[in-house]
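S.K.: Keeping the supplied structure of chain A fixed, place chain B upon it in accordance with the hints.
The chain contents come next:
Number of protein chains: 2
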Amino acid sequence: MSIAIKDAKIPGRSGRFDILLDGGKIDRISGKEDGDEVIQADGKYLLPGFVNTHTHAAMSLFRGYADDMPLQQWLEDHIWPLESKLTKEDVYWGTKLACLEMIKTGTVAFNDMYFFMESAADAVEEMGMKAVLSYGFIDLGDEEKRKAEIKKTKKFVDYVASSELIKPALGPHAIYTVSEEGLRWCAEFSHKRELPVHLHLAETEDEIKEFKRQNTGYDHITEYLDEVGLLSNNLLAAHCVWLDEEDIVNLSDKGVVVSHNPVSNMKLGVGKPMDYGSMYSAGVRVTLGTDGCASNNNLDMLETAKIAALQQKISGDPTLLSAEDGYSMITEIGARALKTGGGSITEGMAADIILLDKGIKGVPGHNPVSDLIYSLQGSDVTHVFINGSMVMKDRYVRDEDEIVREATARAMNLVKGV
Amino acid sequence: MSIAIKDAKIPGRSGRFDILLDGGKIDRISGKEDGDEVIQADGKYLLPGFVNTHTHAAMSLFRGYADDMPLQQWLEDHIWPLESKLTKEDVYWGTKLACLEMIKTGTVAFNDMYFFMESAADAVEEMGMKAVLSYGFIDLGDEEKRKAEIKKTKKFVDYVASSELIKPALGPHAIYTVSEEGLRWCAEFSHKRELPVHLHLAETEDEIKEFKRQNTGYDHITEYLDEVGLLSNNLLAAHCVWLDEEDIVNLSDKGVVVSHNPVSNMKLGVGKPMDYGSMYSAGVRVTLGTDGCASNNNLDMLETAKIAALQQKISGDPTLLSAEDGYSMITEIGARALKTGGGSITEGMAADIILLDKGIKGVPGHNPVSDLIYSLQGSDVTHVFINGSMVMKDRYVRDEDEIVREATARAMNLVKGV
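Residue numbers (numbering that gives the first Met the number 0), protein chains in the order written: chain A, 0 to 417; chain B, 0 to 417.
Do not rely on the hints blindly, as some may be mistaken.
Pairs involving identical chains hold if they fit within one copy or between any two copies, as the list cannot separate such chains.
[Unchecked claim] With a cut-off of at most 20 Å between alpha-carbon atoms, the simulated DMTMM-like pairs for lysine to aspartate or glutamate come out as follows:
| id | residue 1 | residue 2 |
| --- | --- | --- |
| 1 | K271 | D316 |
| 2 | K151 | E245 |
| 3 | K253 | D205 |
| 4 | K24 | E36 |
| 5 | K146 | E346 |
| 6 | K208 | D316 |
| 7 | K392 | E346 |
| 8 | K144 | D41 |
| 9 | K31 | D316 |
| 10 | K24 | E75 |
| 11 | K211 | E124 |
| 12 | K5 | E36 |
| 13 | K253 | D225 |
| 14 | K154 | E124 |
| 15 | K146 | E117 |
| 16 | K150 | E180 |
| 17 | K84 | E117 |
These are computed hints drawn from the structure, not numbers from a lab.
Chain A extracted, bound-state conformation (with noise of 0.2 Å):
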């Protein structure tokens, strides 16, 4: 089925434009004809869906559970507490929630790692979303541990074997929680396989201590990814706030991506701002993440981008990070890190496009791009189409009242008696 999208505005190009949505692509720009349905868009912004480059989906269940306190506080006193009675139908509605996040607020694509992930593939495809989706990798060390993540790793890159929007990952945590052996199977098995790797990176300042005290032989930590294998175009590495210098032009040289996830980093207290001046000069491929909800507390990608750009500018160059670059960052170089397919509004790129309503926010708009970034949120999105799908209509996603309710229980059953 064909959609026709009339008389939108494209940030940055000037006039009106008639989009035709066939086949999962934009098929046609400014052809005049008609579609099977017709969306009248009057003036909103057309642009590029949003691609959320790190989150855990199903963490929308712990929203608002445990704020203003330290890292290890928050993790071993309230969320490992929380995980440790998680099933996979809390992952399930926990993911729908996020989906349904994402999409209210125009994400048409993002990169998951948890656990349950059939249960997160099987809200991912009812919701009709794009994602990258991994097992959380974790053996800390124990020989056993790392024979079941392997089984279980396996069994879930086979179960989304066959879906269109969906792609498979491999998800080791982070260097601290897995070994050596696991890591290179990781890396091992990607490459057989072609898969993406997804990994935390130097979130923490602790990390690259601890990582230093028992790996003496390595200067710096991406040279032990490298060593292990993972240190490819393969690979996306989350937050990595505190890499040096010279980790920086690794993960140029190699083509790594990161994942900056600025409000996590900040509500966290991670201790100082990404470096993302230098890997902008140095060529490192940066995108933009939410994390999960507990760390941040919603998944709005335009108030990511504006987070972004202040915390660079903060030091006091604020030339840094700029409207336009966060706009690339959540459009066109996310999509690209994640292979959606889609990105940028092109005859032939897959339909994975959005309508925005600019309000109150975007008068008088000397700037749609800076409107965008600076002043527009999540919640002036009004259409959400992916692979040329209308999954949200005038502010509207199918079943949301279901989800918000079986979400809610199951978020209220767990945290009962914690």
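M.R.: What follows is chain B alone, placed relative to chain A:
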């Protein structure tokens, strides 16, 4: 006319409440009687409206006109050339646009400093908001200019003398733009007429360096403020980023109110986070402001509170500026600072209140105050009452379309040929 709001949730209290607004006040809480008009809240959050303690409302006309550049270039090449062309009609429509955005995002009262303030006052009155307004007094050390500024200030104070919604304030722009004589006149006039004072203070490191170069007799900028008679509980000082520990003690001793503007500070690259930790420990009254839309670029107080919290935590202490702190700053502390008569949901307080639909971003709802500050946004506000009058109902504000049309036309005309 009385209004009954039925079946509302109040963050921090359990159960649901019926609230009667009458005579501009919160008349009863949980009286079951109906009012002349009944609003079914259906479980929406009811809370005090937000208070924005530092902005330049009419600068909404410049939103998105110049971003991502050093402060001096931004001012000299972009903002000042536009401001030199401003007419009173521009300020009228720019202020209306700002009021419209503030109402839409739940703000009931604000503190403003700009030019053509009679026109700003007309706009605020017509929109039904509360405001403390000050004419921006700038003499640049010139006696003739000072006399003219005194005249303009007196004229404006008289103009709004009979207003119920607007209070006049003195607006000495900053220590670096107003002579000692000008500052002393403001202090004396403020004392004589019992008017608050609104001042920019210590926004940049250069301001402090230049002050010390020119005033070698003072070790601290607040000693100079005290000497000219301005350091009192009548003073609201915006920014205060580059104050030292002794300055902070002085603010506390004299009961000065600080307006912290985290988004503007970061966007303009003032160089470091404001020292909220020391201010909090010293007992300084810290409120939140957005600054003008040219350096933010919106007027959303929930976004401002989230970013204030994140800014404090970045250096490594996630306990600084909690959700509860942020919530108090934009409600109770702000309302007391501007003496609005509102700021809490208590019988007898001014009925400056809002209803807010938690939508998807407030699910599951473990902690409504956390959800408000960290997840929800101004766009989630559905109803706004100021002195018991309903200025927004179901997200609709009177004359929206006219304001957008007129403000856009004026903004586009201003930038033409600059």
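S.K.: For the identical chains here, do K5 and E36 meet the 20 Å Cα criterion within one copy, between copies, both, or neither?
M.R.: within (11 Å within a copy, 41 Å between copies)
S.K.: Within a copy, between copies, both or neither: which one fits K154 and E124 at a CA-CA cutoff of 20 Å?
M.R.: The answer is within: 18 Å in one copy meets 20 Å, while 66 Å across copies does not.
S.K.: Given identical chains, is K24 near E36, meaning Cα to Cα at most 20 Å, within a copy, between copies, both, or neither?
M.R.: within (15 Å within a copy, 51 Å between copies)
S.K.: Evaluate K146 and E346 at a C-alpha cut-off of 20 Å and name the case that applies: within, between, both or neither.
M.R.: neither (46 Å within a copy, 64 Å between copies)
S.K.: Pop the pair K31 and D316 into one bin, within, between, both or neither, using alpha-carbon distances up to 20 Å.
M.R.: Close neither inside one copy (46 Å) nor across copies (56 Å); limit 20 Å.
S.K.: When no copy is specified for K253 and D225, does a C-alpha distance of 20 Å or less occur within a copy, between copies, both, or neither?
M.R.: Within one copy only: 9 Å inside, 59 Å across.
S.K.: What label fits K24 with E75 when the C-alpha limit is 20 Å: within, between, both, or neither?
M.R.: Neither, since 46 Å and 46 Å both go past 20 Å.
S.K.: For K271 vs D316, is the C-alpha pair at or below 20 Å within one copy, between two copies, both, or neither?
M.R.: both (15 Å within a copy, 11 Å between copies)
S.K.: Under a CA distance limit of 20 Å, which applies to K146 and E117: within one copy, between copies, both, or neither?
M.R.: within (19 Å within a copy, 75 Å between copies)
S.K.: If the cut is 20 Å between Cα atoms, do K150 and E180 qualify within a copy, between copies, both or neither?
M.R.: Classified as within; 15 Å inside a copy, 79 Å across copies.
S.K.: Cα distance capped at 20 Å. Does K392 pair with E346 within a copy, between copies, both, or neither?
M.R.: neither (22 Å within a copy, 42 Å between copies)
S.K.: At most 20 Å between C-alpha atoms: does K144 with D41 qualify within a copy, between copies, both, or neither?
M.R.: For K144 and D41, the Cα distance exceeds 20 Å both inside one copy (56 Å) and across copies (49 Å).
Against the hints set out earlier in the document, violations occur for numbers 2, 3, 5, 7, 8, 9, 10, 11.
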